[in-house]
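Based on the provided sequences and hints, a complete structural model is requested.
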Amino acid sequence: MSSTHASDRTRKLAGPLVVLALLALGGFFVANLPKGPDHPRFVGAGNPEPVNGGTFQWTVGSNVRTLDPHIAYDSVSYQAIRLVFDGLLDYDPDGNLIAVLAESLPEISADGKIFRFRLKDGIRFHDGLELTAEEVSWSLHRMLSKRTGSPGYAFFSALRGVADYHEGKAERIEGIVVEDRLTIRFELTHSDQTFLNAMATTFSYPISRAHFERLGGDRTKIAQHPVGAGPFAFEGWERGVKLSFTRFEDYHAPYARPDTMVMWENVDATTAARRFRNGDIDVLAGAPKVHLLFFLESEAWKPYFTLEPNVAVFGLAMNCEMPPLDDVHVRRAIAAAIDRKTITDYMLGLAVPAGQPLPPQLKGHDAELETLQTYDPERAKEELALAGYPNGLPKPIEVWIGEGEGPRNIAQLWQSDLEAVGIPVRLRQVAWATYLAETGKEKSVQMFSSGWSMDFPDPSNFLDPLFHSRSIHPQHSENRSFYRNPELDRLLDEGRAEVDPEKRAALYHEANAIVARDAPWAFLFYPVDFDAWQPYVKNFRPHAVWSDYRSVWLDLPRRPATPEDFEEARR
Amino acid sequence: MSRYILRRAAFGFLVTWLVFTTVFFLMNGLGDPAAAVLGANAQESQIRQFKEQKGLDRPLHEQYLSYLGLIPCVRRDSPAWSDDPGARKHCGILQGDLGESYIHHDSVTRVIGHRLPRTLLLGVMAMVVELVFGIGAGIFAGLRPGTTGDRAVMFGTYLGTSLPTYVTGPLALLVFAYLLGWFPVGGYGATPLEHIQHGILPALVLGIGGTAVYARVMRGEVIESMRQEYVRTARAKGVPEGRVILAHGIRNSLLPAVTMIGLSLPGLVSGAIITEKIFAWPGLGALTIEAINALDAPMVLAVTLLFAVMVQIGNLLADVGVALMDPRIQY
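Taken in sequence, the protein lines are chains A and B. Letter by letter, the first sequence follows residues 1 to 571 in this note's numbering. Letter by letter, the second sequence follows residues 1 to 331 in this note's numbering.
These are calculated hints, taken from the structure and not from any lab test. A virtual CB, placed ideally from N, CA and C, is assigned to each residue, including glycine. Mixed in with the good hints, there may be bad ones.
[To be verified] Here are the simulated BS3-like pairs of lysine-lysine, each with C-alpha atoms no more than 27 Å apart in a straight line:
(1) B/Lys89 / A/Lys221
(2) A/Lys113 / A/Lys395
(3) A/Lys538 / A/Lys503
(4) A/Lys341 / A/Lys302
(5) A/Lys302 / A/Lys35
(6) A/Lys395 / A/Lys441
(7) A/Lys221 / B/Lys51
(8) A/Lys289 / A/Lys341
(9) A/Lys113 / A/Lys441
(10) B/Lys51 / A/Lys169
(11) A/Lys289 / A/Lys35
(12) A/Lys113 / A/Lys146
(13) A/Lys538 / A/Lys289
(14) B/Lys51 / A/Lys441
(15) A/Lys363 / A/Lys395
(16) B/Lys89 / B/Lys51
(17) A/Lys146 / A/Lys221
(18) A/Lys113 / A/Lys169
(19) A/Lys363 / A/Lys169
(20) A/Lys146 / B/Lys51
(21) A/Lys443 / B/Lys51
(22) B/Lys89 / A/Lys146
(23) A/Lys341 / A/Lys363
(24) A/Lys169 / B/Lys237
[Unchecked claim] Take a look, some chain B residues computed to stay more than 10 Å from chain A by CB distance:
(25) His61
(26) Ala80
(27) Ile139
(28) Val167
(29) Ile313
Next comes the structure, spelled out in structure tokens:
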């Protein structure tokens with residue numbers, strides 16, 4: 001009998017004991033795990049001069065959608081496309097226009113309507129076809145035809161005869177004239193200096209006509225087998241997994257670069273950060289908070305990452321046709337009520353405070369702007385009183401914000417600022433697709449968090465779509481705040497047409513000040529990009545326009561790093 | 001049996017059509033795909049052009065009928081389109097054309113064709129983990145109920161069913177891949193061998209929940225079977241204990257597991273969305289989420305069709321499998 005009791009007791013104790021034993025085992029295991037190094041795992045060989053060779057690898061969070069430069073309209077596809085293709089024009093890392101396939105920047109007529117390009121001689125596509133003015137013309141005609149359906153058409157609307165050609169009413173675009181083997185002229189219906197930027201977009205990149213014809217013009221095949229005149233030739237694409245490119249030996253402007261470039265698709269940000277810290281990939285663009293903190297705190301990593309402002313602006317857009325935001329004083333009150341610093345602090349330095357539409361990199365931005373929107377709760381209350389609301393707004397304003405935890409947390413920061421001065425706010429988090437469709441409709445959404453990333457680094461690309469009355473449409477309005485100001489429209493039209501860079505900058509300077517003063521947006525911050533690279537990756541420099549790695553070379557063979565390799569950085 | 005299968009197939013066809021139609025109209029109520037695909041910078045003229053190309057400027061019922069293949073094509077970017085209305089061909093499901101993805105610029109069947117084998121590989125690897133460890137642990141525990149071994153297994157199954165993938169996934173990646181270096185840090189690799197190497201850790205993570213469920217079900221079934229009269233009779237007749245356990249105890253305990261395998265088949269295809277994301281596994285799960293977010297209707301509809309068909313097949317296989325294993329069941 002007593003032995004049965006004893007075995008019952010043992011059985012009752014067995015469960016908790018097993019749990020305790022497993023927990024103890026787990027604890028022991030965790031305590032004895034190796035710690036990851038706080039420094040890069042590999043360093044370079046110390047080659048004194050740039051060398052060719054090696055495989056450069058990086059990851060992106062989603063898919064490359066297409067490799068057809070005339071169709072692609074997303075930053076991930078651009079990364080791949082810009083390895084294979086070159087354009088007549090491009091930007092240097094600071095965002096200044098430079099000639100690439102063209103000998104120099106084009107000759108522009110005094111009235112700003114004619115652009116003459118001279119191509120470099122002897123340039124060949126990867127398939128051996130020679131690049132001539134006729135090929136450039138053919139490629140642009142292909143891009144601008146309705147059959148191709150390129151989103152790039154919208155950037156070339158000033159070309160003479162382009163609409164007739166697009167609609168199938170003309171065989172050729174009148175405004176594209178091949179003068180001789182290497183000279184091509186573009187004629188516009190009116191002066192539009194953003195045409196230079198259009199010629200630096202990927203939409204203008206020449207593709208090989210011979211290749212196009214070999215593929216029978218099949219756009220799906222062309223989207224997957226690109227042939228351009230860029231520094232790397234396309235090698236292969238395992239859809240959804242990776243793309244690879246090899247160095248093009250006959251590149252027209254040779255420089256030291258890797259033998260192979262491998263772009264891994266669909267790697268989530270956290271996994272990418274782990275792979276980078278593990279030394280599996282060579283660069284990292286952006287990092288989740290926990291990894292960002294790691295890099296910011298690591299002395300050894302300090303020389304190998306940058307925080308560079310992006311040419312973009314984020315803020316709160318206000319529908320100027322909907323009360324009470326149709327009153328400029330209410331809009332100014334909102335712009336003055338928000339403390340930008342708390343937002344940028346929350347973003348761990350991945351943003352700098354804004355108070356005007358144009359980012360610091362663009363002509364027209366003014367750090368000393370008189371109409372600058374800054375945090376001033378008292379002024380906010382005064383503006384509310386001027387609008388007839390001395391005791392604050394009687395009804396809350398509905399504000400739409402994007403999906404995810406980040407936008408919600410940021411919204412809560414400005415929500416409390418607004419409520420502190422008497423502007424109650426009701427937040428509504430909506431799906432991206434709904435947000436895009438509804439905010440573009442007339443009198444649909446009162447206020448919404450908004451952002452703009454440039455198509456090209458020119459003030460017109462910010463002010464025209466966002467604030468010109470021409471950009472207002474009943475549906476799909478680009479000017480989503482439905483702000484109208486004839487004076488601003490005039491300045492923007494003159495700015496687009498002005499050939500003299502100084503006069504042009506002055507026009508945008510004035511336009512920028514008007515928008516800041518009339519506050520169709522409360523401008524909150526300019527985003528900052530985090531980029532890190534392994535010590536053996538050389539010549540990486542964040543680019544003002546593109547996120548790509550075509551300039552890098554690898555200091556190989558790499559070797560495992562020791563803490564001593566980073567002593568200088570730590571000091 | 002064959003009449004039953006035919007009846008089930010007809011019912012499955014009806015359900016699939018209903019699911020497809022519901023999703024088709026739901027997708028159109030969610031927002032504007034042109035805006036979602038082209039993004040915040042899209043100009044009004046670009047959106048208009050996109051809608052023309054994809055036939056989204058046509059009335060909804062025309063889009064639906066064209067998608068089914070009952071009227072000529074409304075998509076200007078389809079090879080079936082012609083500017084001459086009389087020369088337009090059909091380009092719908094009935095013609096085997098599921099359309100072109102808005103974001104991949106390729107036929108949805110081709111894109112799914114790339115992704116499906118990867119998702120299947122991960123799913124099959126996870127199922128192997130579930131079956132081997134789940135059924136093994138369940139039998140082990142069921143043969144010695146109330147012992148320390150049984151309690152240890154049960155404790156493990158509690159953990160397995162309680163820990164979500166978004167906890168175990170990143171933890172496994174951190175500990176076993178990054179810190180210990182036993183596995184690659186996510187990804188899919190480049191060769192078939194690498195695919196398997198890269199798949200082991202996500203398959204283990206994905207299989208944890210299923211292992212726990214199989215173990216609990218099997219344990220209960222084994223305990224139940226071992227108490228049956230026929231087991232006692234077999235023992236009384238002097239049948240060796242190993243044979244009693246295998247032929248009488250375990251065989252009869254496997255029926256629920258077979259049903260569960262059948263029901264989990266659609267899960268193999270739908271993909272482990274969270275696991276695929278954590279481990280950067282480029283399968284159907286990640287593709288589906290991306291398509292839903294971008295309102296890529298042709299992709300969402302094609303994936304819906306695939307899932308619906310798989311659910312029907314999975315259910316049918318489960319029923320047939322059970323009938324084959326248990327002669328008492330007749331349809």
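Results of checking the hints against the structure:
1. B/Lys89 / A/Lys221: holds (22 Å)
2. A/Lys113 / A/Lys395: Violated, at roughly 52 Å.
3. A/Lys538 / A/Lys503: violated (39 Å)
4. A/Lys341 / A/Lys302: Cα-Cα ~24 Å, so holds.
5. A/Lys302 / A/Lys35: holds (20 Å)
6. A/Lys395 / A/Lys441: holds (22 Å)
7. A/Lys221 / B/Lys51: This hinted pair holds, its Cα atoms lying about 22 Å apart.
8. A/Lys289 / A/Lys341: holds (18 Å)
9. A/Lys113 / A/Lys441: violated (34 Å)
10. B/Lys51 / A/Lys169: Roughly 21 Å between the alpha carbons, so the hint for lysine 51 of chain B and lysine 169 of chain A holds.
11. A/Lys289 / A/Lys35: holds (20 Å)
12. A/Lys113 / A/Lys146: Answer holds: lysine 113 of chain A to lysine 146 of chain A is near 24 Å, not above 27 Å.
13. A/Lys538 / A/Lys289: holds (26 Å)
14. B/Lys51 / A/Lys441: Roughly 17 Å separates the two Cα atoms, so the pair holds.
15. A/Lys363 / A/Lys395: violated (40 Å)
16. B/Lys89 / B/Lys51: OK: lysine 89 of chain B and lysine 51 of chain B at ~19 Å, within 27 Å.
17. A/Lys146 / A/Lys221: holds (18 Å)
18. A/Lys113 / A/Lys169: Status holds; Cα separation ~23 Å.
19. A/Lys363 / A/Lys169: violated (39 Å)
20. A/Lys146 / B/Lys51: holds (13 Å)
21. A/Lys443 / B/Lys51: Measuring from Cα to Cα gives roughly 23 Å; hence the hint holds.
22. B/Lys89 / A/Lys146: Judged against 27 Å, a Cα distance of about 20 Å means the pair holds.
23. A/Lys341 / A/Lys363: holds (24 Å)
24. A/Lys169 / B/Lys237: violated (95 Å)
25. His61: holds (21 Å)
26. Ala80: Holds: least Cβ distance 14 Å, greater than 10 Å.
27. Ile139: holds (19 Å)
28. Val167: holds (13 Å)
29. Ile313: holds (25 Å)
Against the hints set out earlier in the document, violations occur for numbers 2, 3, 9, 15, 19, 24.
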